[in-house]
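Asks: Here the protein sequences line up with chains A and B, keeping their order.
So that you can map any letter, position 138 of the first sequence is 138 in the numbering used here, and since no number is skipped, the others follow by simple counting.
So that you can map any letter, position 209 of the second sequence is 209 in the numbering used here, and since no number is skipped, the others follow by simple counting.
These are calculated hints, taken from the structure and not from any lab test.
Where hints are given, some of them may not hold.
Claimed, not checked - Restricting the straight-line Cα-Cα distance to at most 30 Å, the calculated cross-link-like pairs of lysine-lysine (DSSO-like) are:
#1 B/Lys92 - A/Lys123
#2 B/Lys459 - B/Lys473
#3 A/Lys7 - B/Lys374
Claimed, not checked - Just so you have them, the derived chain B footprint on chain A, three or more residues with Cβ under 8 Å:
#4 201-211
#5 215-228
From the three backbone atoms N, C-alpha and C, an ideal C-beta is built for every residue, glycine too.
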Amino acid sequence: MRRFVLKRLGLALITLFLVSVILFAIAQVMPGDVGRAILGPYASERQVEALDHNLGVDRPLLVRYWNWAGGFVSGRWGKSYLMDEPVLPLVTRRLLNSLILGGFALALIAPFSIAIGVLAALKEGGWFDRSTAVVGLSLIALPEFASGIAVLVIFAVVLGWLPVSSHVPGADPIDWFRQLLLPSIPLMFVLFGYISRMARAGTVEALHAHYTRTAILKGLPRRVVIWSHVLRNSLLPTITVIGVQTGYLVGGLVVTETIFSYPGIGKLVFDSAIGHDLPVLQSAVLLIAILYMLLMLISDIVYTLLNPRIRLSA
Amino acid sequence: MSRPAMARRAEPSVRTLDIEELTVGYHRRRQWSVVISSLSLRIGQGEAYGLVGESGCGKSTVAMAVMRYLPPNARITTGRILFQGQDLLRAKAAHLEELRGNRMAMVYQDPGTALNPSLTVGRQVAEVYRRHRSMGRAEARDAAQAMLATVQIADPLRIMDRYPHELSGGQQQRIMFAMALATDPDLLVLDEPTTGLDATVEAEVLDLVERLRRKFGASILFISHNLGIVSRLCERVGVLYAGHLVEEGPAADLFQAPRHPYTFGLMRCVPRLDMHKRRHRLEPIPGTLPAAGETIAGCVFAPRCAIVRERCRVEAPTLLAAGRERASRCFYHEELARPAAPGAEGAAAAGTVAQAEVLSLQHLTKIYDARGVKLTAVKDASLAVGRGEVVGIVGESGSGKTTLAKCVVGLVGQWAGRIAFDGSELSGRAEQRDAHLRRRLQMVFQNPDNAPNPSHTVKGILSRSVRLLSGRKSTSEIEARVRELAAAVRLAPRHLELRPAALSGGLKQRVALARAFAGAPRLVVCDEPTSALDVSVQAAILNLLVELQETRQVAYVFISHDLGVVRYLADRIAVMYLGQIIEMGPADVTFRPPHHPYTEALLSAVPDFNRAESKGRIRLQGDIPSPSNPPTGCRFHTRCPRMLGSLCRNEEPPWQEDGADHLYRCHIQPAELREAQLAGPPRAGGS
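Take the sequences, apply the hints, and build the full model.
Replies: Written out as structure tokens, the structure reads:
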């Protein structure tokens, strides 16, 4: 087990290194000049050059990569060009906001999707199974910007039930739903499709497995067969999918946060890309990558812990 | 052999199971096909009834119908299934739940998938007590532990908390038996419970069934394709062909003198331990089972029958009385009553073997390195195969026979020692070898399903092999050669246009053989080529192998766990245990005393329907040790029934020589061993 975790950690570090290189390279080829972007079209060429020099963007590539990567590791993430504040607290604060939104969406939709998937599997081929399949797949296919704008127009603009732009909720649980329900709907649409399909597939497989036949032929009531024999085996792959999908959440957040102007890391990435705010952009994206790796690792470990076949042979 | 339950067989009025006129069909691809046609059979209290037949005959459908667990596309159209007088087909779901696992239980093939992988086996057994005996958690656990001891699991306390994958196949099947017998059921349905297990494990499980029968009074419906096992365990036998019960009778009489041509044919195509290719030709049943949904006017077996008459093709026989307690669905069953002539004489190919060696292994050792754990799969194996000679390799799974074959054909590399083939030294993996050598060294695998490319036609597959292996270039030449090959392995021209998915297992294995013979091989390594096939198909493939060997002077390394098959086909036999060759010699000598105690145990494990059961059996204790940590001294000493003492534990045994190139690795001298083995098994064995 320790060996397995160490191996996966090593692989994650290599991946992160490659991500940082790619990220840095992309930032270099982004069109536009940093100094110009900050100072605006009316600043003189000399002022722009002076600022570029100050920011260090005129130094050789390798030196700049080294400074940036080294700084990132040691916590010196620099200052935002646009907001004139240190990057580290900014990015972590925004990330926390995003985690609140993503966690909210996941907590609402995961149990629901699993339940629907399992029910569909129990009635394999029936009308309920078919209709959830159609709904689930359509929701996956629906892009977040479309569903996001649709719910925004309906519930915030026309009906006026919920705010047009969302803030970070306070301690009040009603405020949580008020602020977070609309921006999490596009995320939940996509998650529902994936998670319910996985839960269904896993359950169908377990229902057809020979050990389920054994359980039935032991005379166990259907309730027991399903709870202690089928679900135990069928939900394993689903848990892994939820892990991978939380990674997706981060990507989906960029769109939905922008639509609802929710101050999360997605919106931050979007704003800093538009505004050439390189320190923020690079750090935020790299942080997202780290988070993604961590989530994958955790879901692998959870899967391993729940699956005795892997647990003991590792 | 003693049949303890016979005495207990009660008056027929209290029957445990009574199947009356049962007809079952399946809906497949919008087509209705009947798989069981008005089947009737009865099982008395405490009686064991064997149902035999080849795959596709409907045996498992009967079992599942009895358990009321047919797939959704199956329908029972007529008939009744009475369990202790009550009709199961009318039973409500709640009532069925009450019966299953309680009054009627089932054990089936492949225990590895039948147990829930994510629950401990203790919990799975305890569940039965909690459900049917309303026990509390702790009480059920104690009961389960006691049950594990009853099915002779060593150290039940420790095993309780294991997961199924941590147990060996034999232990897993014991758990299944523990679960089935937990509530002392009245009916036990066993569906091929030993198929897929090693011969020695199979023998252990069968011993267990016999012992448990004495302890528990359950009636048994035993389903198997293996006639030997059924004849050993059951009092009465029914033979199923294409959903029809074609013959029924007491086991002893039925196997002594079968009264239906199908039973007769089945028995004639199993190679027995006293048969050899030079003296006997196997007689496969011609043709194939009718396809699902196909309707045959007259007798179902007529198209394949050896004694078919005009009447059989128009009129379907009913089950006719054929002697005391016997019935046969054949108009002419009396003709079969005459004493059976011994198998037809084989073309007495003179025993000319081994002038020149085609393959020679010297000190071959293959060590796998799995995450730092060294696993010696083959240790210091030396073996020679003469031109046109068949060398059989036998041993349990894990004995290293497949690894040895893989080293020879170059599917694994990095072995130590020397392999010389056809005069030249072979290097590691096949891709490093000379193309010329590769062509003359071919392999046939166990499972024909995954071997050929599924998207090509048979013709395409064979043409490709011919092009690669024989060096022929022109299309017409290749085509001629493909036709020639197909004819040699008895593939009909229409088969050439089909893709592998459309072929039966036997036909696929013919394609694999044709492919191996596409060049002009000197040596073909066959790894269990017939073990996935039905006996009648196996007989045809074995005949084909003999014929190809004779006409083309090809040598085989023939790996099999089936001693009868090896005995029949091989000129010489090597026995492997834990990576070592522990015995080798001419086929007829090796299987006669004196031989290695392991070989003796393997032979003793073979259930045979026509062997006198006077001598007791030898049973090996425990499982095969791990090859990563083999026992000291003689590798077999931990399980050896003839172990001498510290000598065997500490010192590696020498090769003992017993006459003409028969060698075995043991501390016991040949003369001494012969005497001991002729006297019978060393300890009180199974029955």
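Asks: None of the hints should be skipped; say for each whether it holds.
Replies: Hint-by-hint comparison with the structure:
The suggested pairing of B/Lys92 with A/Lys123 holds, with an alpha-carbon distance near 20 Å, which does not exceed 30 Å. For a cut-off of 30 Å, the pair hint linking B/Lys459 to B/Lys473 stands: about 16 Å separates their Cα positions. This hinted pair checks out: A/Lys7 and B/Lys374 have alpha carbons roughly 21 Å apart, not beyond 30 Å. Counting residues of the segment 201-211 of chain A whose CB falls under 8 Å from any CB of chain B gives 3; the rule of at least 3 is met.
For the segment 215-228 of chain A, the stated coverage by chain B is satisfied: 9 residues place a CB nearer than 8 Å to a CB of that chain, which reaches the threshold of 3.
When the structure is compared with the earlier hints, no violation turns up for any of them.
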